[in-house]
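These protein sequences, in sequence, are chains A and B.
Residues in the first sequence are numbered consecutively from 1, following my numbering.
Residues in the second sequence are numbered consecutively from 165, following my numbering.
Mixed in with the good hints there might be a few duds.
[Unchecked claim] With a cut-off of at most 27 Å between alpha-carbon atoms, the simulated BS3-like pairs for lysine-lysine come out as follows:
hint	chain 1	residue 1	chain 2	residue 2
1	B	Lys-319	B	Lys-224
2	A	Lys-30	B	Lys-354
3	B	Lys-262	A	Lys-30
4	A	Lys-134	B	Lys-311
5	A	Lys-2	B	Lys-262
6	A	Lys-95	B	Lys-212
7	A	Lys-2	B	Lys-354
8	B	Lys-319	A	Lys-30
9	A	Lys-134	A	Lys-95
Derived by calculation from the structure, the hints in this document are not laboratory data.
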Amino acid sequence: MKCDSCNNTATVHLTEIRSGKKIEKHLCEKCAAQTDGLPAKTHTPINELLTNFVLAHSGIPKETTAGCEHCGITWADFRQGGLLGCEHDYNFFDKDLTPLLQRAHEGATHHVGKVPVRKGGTGVPMKKAVDMSKLRKELQRAVEAEDYERAAQLRDLVRQAEGG
Amino acid sequence: MEAKSLKLSDLANGAGEWLRGSGPQSEIVISSRIRLARNVSGFQFLTKCSRTQRASLEQKIRDVVLGAAISPKTLYVDLEKAPENDRLLLVERHLISKPHAQAEGARGVAVSGDETVSIMVNEEDHLRIQVLRSGLQLEEAWEQISKVDDSLESKLDFAFHPRFGYLTACPTNVGTGIRVSVMLHLPALKLTGEIEKVFRAAKDLRLAVRGLYGEGTEATGDFYQISNQTTLGKSEDDIITEFKHLVIPKIIDFEHHARRVLLQDRTVALDDKVHRALGLLRSARMMASEEVLFLLSHLRMGINLGRLKGIDIKTVNELFLLTQPAHLQKLTGRKLEGDQRRAARADYIRQRLGA
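Please take these sequences and the hints and turn them into a complete structure.
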C-alpha cells in the first residue's frame with residue numbers, strides 16, 4: 001500500500017472517528033513523523049522494549065532509593081532510561097537487578113563463557129574468581145539439596161582454591 | 165576525518181568481504197555477524213560520562229585500537245568530525261549503527277582494510293567490536309573476534325564481574341556481551357507465505373528477527389537478521405553452536421523446500437517475477453531505494469535458482485549496497501535529493517546490468 005502523501009510504502013495505518021465519520025490514513029514513516037497527533041517514533045529499539053517489559057513485570061517489592069556513590073544514578077533513573085551509569089551499579093543494585101536479569105536471560109544469574117585474562121591492573125587472575133564464584137554457588141545448591149557428601153567435597157575445593 | 169594509510173573513499177567503490185557472495189551457504193545466508201560489548205573499567209558508562217571524560221576515553225581507546233594492529237591497514241574515522249554522508253556510508257556498509265552515526269560527542273570507529281572487523285568507540289558501550297563475514301561463517305567470525313578482543317584486553321581493563329561477566333550499560337547485554345546475527349535472504353518463504361512460521365519459531369527460541377539494518381528496521385527485500393537475545397548463562401560457544409547446528413540449518417532447509425515448490429509447481433509465476441524484476445531494473449528511469457531492494461531480491465533468487473543467466477551474484481550484491489543513498493552520493497560526487505537521486509540510481513543500475 002502506498003503512502004497517502006508520497007510514493008513510499010505506507011507503514012503507519014491510522015483510523016480516526018471524527019464526528020461519527022471514519023477517516024483512514026495510510027502513511028509512510030517519514031510523512032507520519034510530520035503529521036500532527038501521531039507519535040513521532042514508530043520503531044522502538046528491541047532493548048528498550050525488552051527492558052520496559054521486564055521492568056513492568058518484575059514486581060520488585062523494595063527499590064533502592066539511594067544513588068550509586070560512583071555515578072549517582074538511582075534505581076528510578078535506571079528504570080526510566082534503561083541504561084546503567086557505571087560498572088559499580090551491578091553491585092549496588094544487585095538485589096533489584098537479579099530478578100530483572102533472570103527475566104531477560106532465561107532465568108540465568110551467573111555468567112558462563114569467556115573471562116578476561118587480567119583485570120584492573122591488580123594482577124588478580126579473573127579466571128580464578130569466576131571459578132570460585134561457581135564453586136560457592138554449587139556448594140550452596142548442595143547444602144540446599146542436603147547433599148552433604150557433595151557439599152563437603154565442594155567445601156574442600158573452595159578451601160584449596162582459597163589457599164592456593 | 166583522520167585516516168591511517170586508508171581512506172573512506174577507498175572503501176566506497178567496492179563492497180566489503182561480507183558482500184562478495186561466495187561464503188558457505190551464500191545462496192541463502194548473506195552474512196554472519198558477531199559483536200561484543202565491552203566497557204573500560206574505571207570510566208563511567210557513557211550515560212554518565214562528562215564531555216571531557218568522553219573525549220579522553222575516545223582518545224585512550226583510539227590509541228589502543230590503532231596500536232593493536234587489528235589488520236594490516238586500519239581506518240579510523242572520527243565520527244564527531246566526519247561529514248553526514250560519510251557517517252551514513254558507514255551505516256550502509258554495516259560498519260556502524262544508525263544511533264552511532266546520529267549521536268553527538270567524541271566517538272569513532274576503527275575499520276580493518278577488508279571491512280571484516282569494525283570497532284565502534286563510545287556507542288552505547290565504550291567498545292562495540294564487530295566481525296562481519298560473508299555466508300555462514302560463525303565459528304570463523306568467533307575465532308577472529310575473540311583474537312581482537314584478546315589483543316584489546318591486553319591493553320585495556322574491561323569492566324568484568326565474576327558473577328555477571330562483562331558489564332554493559334544495558335543489562336540485556338551483560339554476561340558475554342555477545343550478539344550473534346545471521347542475515348538471511350528468504351524470498352521463497354515470503355512468496356509461499358510461510359515466513360510467519362519462521363518468525364514464530366524464532367520467537368519460541370528467544371531469538372530476535374530484524375530487518376536489513378538491525379534494531380528498529382523493517383525487513384526489506386526479503387532480508388532478515390536472526391539474532392540471540394540471551395547473553396547471560398550461556399557461553400559464546402553454546403550460542404554459536406545453537407545457531408550453526410540448530411537454528412540456521414532449519415531455516416535454510418525450509419527456504420530450500422519453498423524454492424523447490426516454486427520451481428516445480430509455480431515455474432511460470434516464478435519466471436515472471438524474476439524477469440519482471442530484470443525488465444524494470446534494466447529500463448526504469450527513476451527508482452526508489454526500497455523498490456530496488458525488492459527487485460534485486462527477486463533477481464538474486466532467479467540467479468540462485470538457475471532461471472537467469474549472464475548476471476553474477478556479486479554484481480547483484482554490490483548493487484544492494486551501491487544504490488543506497490550515501491553510496492550513490494559518494495559515487496556521483498554530489499548531493500542528490502529526491503527525484504535526482506532516484507534518477508541517478510536508475511542510471512547506475514542500467515549501466516551495471518548492461519542495459
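Each hint, compared with the structure:
1. B:Lys-319 x B:Lys-224: holds (10 Å)
2. A:Lys-30 x B:Lys-354: Since the Cα atoms of Lys-30 of chain A and Lys-354 of chain B sit roughly 25 Å apart, the hinted pair holds (cutoff 27 Å).
3. B:Lys-262 x A:Lys-30: holds (16 Å)
4. A:Lys-134 x B:Lys-311: holds (25 Å)
5. A:Lys-2 x B:Lys-262: Satisfied, since the Cα-Cα distance of roughly 25 Å is no more than 27 Å.
6. A:Lys-95 x B:Lys-212: Roughly 22 Å separates the two Cα atoms, so the pair holds.
7. A:Lys-2 x B:Lys-354: holds (20 Å)
8. B:Lys-319 x A:Lys-30: violated (44 Å)
9. A:Lys-134 x A:Lys-95: holds (19 Å)
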